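Just so we're aligned, residue 18 is where the sequence shown starts under the numbering used here, counting upward by one.
Note that these hints are calculated values from the structure, not bench results.
Just so you know, not all the hints are guaranteed correct.
Here are the computed lysine-lysine pairs in the PhoX-like style, where the Cα-Cα straight-line distance is at most 20 Å [to be verified]:
id: 1; residue 1: K68; residue 2: K38
id: 2; residue 1: K44; residue 2: K68
id: 3; residue 1: K68; residue 2: K35
Since this is a predicted model, take the numbers as computed values, not measurements.
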Amino acid sequence: MRSETMEIEDPRIKQIGKHIKDLRIAKGYSSAEIFAYEHGLNRVSYWRMEKGCNITIASLLRIIDIHHITLQEFFMGLE
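All chains should be built: construct the whole structure from the sequences, respecting the hints.
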């Protein structure tokens with residue numbers, strides 16, 4: 018049985034993390050820490066999202082809201 022703390026090795030989660038990072042950079046933030054601080058996010062949790070660690074739907078929705086995009090826009094172009 019898998020432990021809840023085990024990382025999920027799914028390339029789609031890594032791709033979502035990269036997309037979150039790309040959105041931050043496109044918004045003009047070179048630092049994940051500054052982005053997290055300015056948007057009221059826990060910096061470690063945000064860093065883990067960008068690294069492709071498992072993400073909750075609530076966290077993903079918060080990121081989408083910060084970037085003022087829809088779910089459809091977020092997932093467009095992801096395979």
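Status of the hints after comparison with the structure:
no.: 1; hint: K68 <-> K38; verdict: 8 Å, holds
no.: 2; hint: K44 <-> K68; verdict: 18 Å, holds
no.: 3; hint: K68 <-> K35; verdict: 7 Å, holds
When held up to the earlier numbered hints, the structure conflicts with none and fits them all.
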